[in-house]
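Chemist: Sequence:
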Amino acid sequence: QVQLVESGGGLVHPGGSLRLSCVASGRSFSINRMGWFRQAPGKEREFVANIGWHSGMGAFADSVKGRFTIFRDTVKNTVYLQMNNLKPEDTAVYYCALSRIGPGYDDWGKGTQVTVSS
Numbered sequence: 004q005v006q007l008v009e010s011g012g013g014l015v016h017p018g019g020s021l022r023l024s025c026v027a028s029g030r031s032f033s034i035n036r037m038g039w040f041r042q043a044p045g046k047e048r049e050f051v052a053n054i055g056w057h058s059g060m061g062a063f064a065d066s067v068k069g070r071f072t073i074f075r076d077t078v079k080n081t082v083y084l085q086m087n088n089l090k091p092e093d094t095a096v097y098y099c100a101l102s103r104i105g106p107g108y109d110d111w112g113k114g115t116q117v118t119v120s121s
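Mapped onto the working numbering, the consecutive letters of the sequence shown carry residue numbers 4 to 121.
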């Protein structure tokens with residue numbers, strides 16, 4: 004069992020920035036990839052970004068390209084999502100996810116709320 008705990012959400016004005024963190028803990032697990040997803044009220048959960056744990060290469064949804072970056076600390080088993088130039092449409096609960104092996108995600112965090120509003 005892997006536990007994922009997100010932090011860093013909050014209320015920010017349009018154009019502002021936030022950095023989300025997600026720490027993975029548990030016994031004897033490996034990480035293939037970690038990602039961020041989000042779900043806005045009344046909408047389905049959508050992919051935001053992910054990062055290959057060994058390669059460090061990230062991928063992003065078109066809606067956040069150029070504004071969000073993703074990076075990880077392999078020693079701390081932590082993934083970060085740096086969100087710049089936030090827009091009201093970025094308002095959502097952001098979830099961290101972990102893939103141990105293969106294309107899917109095996110573990111999910113409980114989410115952290117991000118609200119972008121003036």
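Worth flagging that the hints you see were computed from the coordinates, not collected in a lab. We treat Cβ as the ideally placed atom computed from N, Cα and C, and that holds for glycine. A portion of the hints provided could be inaccurate.
Stated by the list, open to error - Pairs of lysine to any residue, SDA-like flavour, derived with a Cα cap of 25 Å:
| # | residue 1 | residue 2 |
| --- | --- | --- |
| 1 | K79 | H16 |
| 2 | K79 | G11 |
| 3 | K68 | Y108 |
| 4 | K113 | Q85 |
| 5 | K68 | E49 |
| 6 | K90 | S58 |
| 7 | K46 | W111 |
| 8 | K68 | Q4 |
| 9 | K79 | Q4 |
| 10 | K113 | T81 |
| 11 | K90 | S31 |
| 12 | K90 | D65 |
| 13 | K113 | G61 |
| 14 | K46 | S31 |
| 15 | K90 | S24 |
What the hints assert, rightly or not - Computed spacing ranges between beta-carbons, pair by pair:
| # | residue 1 | residue 2 | range |
| --- | --- | --- | --- |
| 16 | H16 | G105 | 32 to 42 Å |
| 17 | M60 | S121 | 28 to 38 Å |
| 18 | G105 | P17 | 15 to 25 Å |
| 19 | P91 | E47 | 10 to 20 Å |
| 20 | G107 | K79 | 33 to 43 Å |
| 21 | G107 | V8 | 31 to 41 Å |
| 22 | Q42 | A62 | 27 to 37 Å |
| 23 | S58 | S121 | 33 to 43 Å |
| 24 | G19 | F50 | 19 to 29 Å |
Chemist: Indicate, hint by hint, whether the structure satisfies it.
Modeler: Evaluated hints:
Under the criterion of a C-alpha separation no larger than 25 Å, the hint pairing K79 with H16 is inconsistent with the structure, at around 30 Å. For the suggested pair K79 and G11, the alpha carbons sit about 16 Å apart, so the restraint of at most 25 Å is met. Taking the CA atoms of K68 and Y108, the gap is about 22 Å. The hint holds against a cut of 25 Å. Distance check on the hinted pair: K113 and Q85 sit about 19 Å apart at the alpha-carbon level, within 25 Å; holds.
In summary, the hint linking K68 to E49 is supported, as the alpha carbons are separated by about 14 Å, within the 25 Å threshold. Proximity of K90 to S58 is assessed by CA-CA distance (about 30 Å); at most 25 Å being required, the pair is judged violated. A threshold of 25 Å between alpha carbons decides the hint, and for K46 with W111 the separation of about 18 Å falls inside it, so the pair holds. Under the criterion of a C-alpha separation no larger than 25 Å, the hint pairing K68 with Q4 is inconsistent with the structure, at around 32 Å.
For the proposed pair K79 and Q4, the alpha carbon gap of about 17 Å is at most 25 Å, so the pair holds. In summary, the hint linking K113 to T81 is supported, as the alpha carbons are separated by about 15 Å, within the 25 Å threshold. This hinted pair does not check out: K90 and S31 have alpha carbons roughly 39 Å apart, beyond 25 Å. Proximity of K90 to D65 is assessed by CA-CA distance (about 14 Å); at most 25 Å being required, the pair is judged to hold.
Taken as a hint, the K113 and G61 pair is honoured in the structure, with Cα atoms around 22 Å apart against an allowance of 25 Å. With a CA separation close to 35 Å, the supplied pair K46 and S31 exceeds the 25 Å bound. Annotation: proposed proximity of K90 to S24 holds, straight-line Cα distance about 19 Å (limit 25 Å). Hint check: H16 to G105, Cβ distance near 40 Å, so the stated range 32 to 42 Å holds.
At roughly 35 Å, the beta carbons of M60 and S121 sit within the given window of 28 to 38 Å. For the hinted restraint 15 to 25 Å between G105 and P17, the CB-CB distance of approximately 38 Å leaves it violated. Between P91 and E47 the beta carbon distance is about 19 Å. The supplied range of 10 to 20 Å therefore holds. In this structure the supplied range 33 to 43 Å is violated for G107 paired with K79, their Cβ-Cβ distance being about 24 Å.
Taking the beta carbon of each, G107 and V8 are about 21 Å apart, not inside 31 to 41 Å as hinted. For the pair Q42 and A62, the beta carbons lie near 19 Å from each other, so the given range of 27 to 37 Å is not met. For the hinted restraint 33 to 43 Å between S58 and S121, the CB-CB distance of approximately 38 Å keeps it satisfied. Roughly 23 Å separates the CB atoms of G19 and F50, a value that falls within the hinted 19 to 29 Å.
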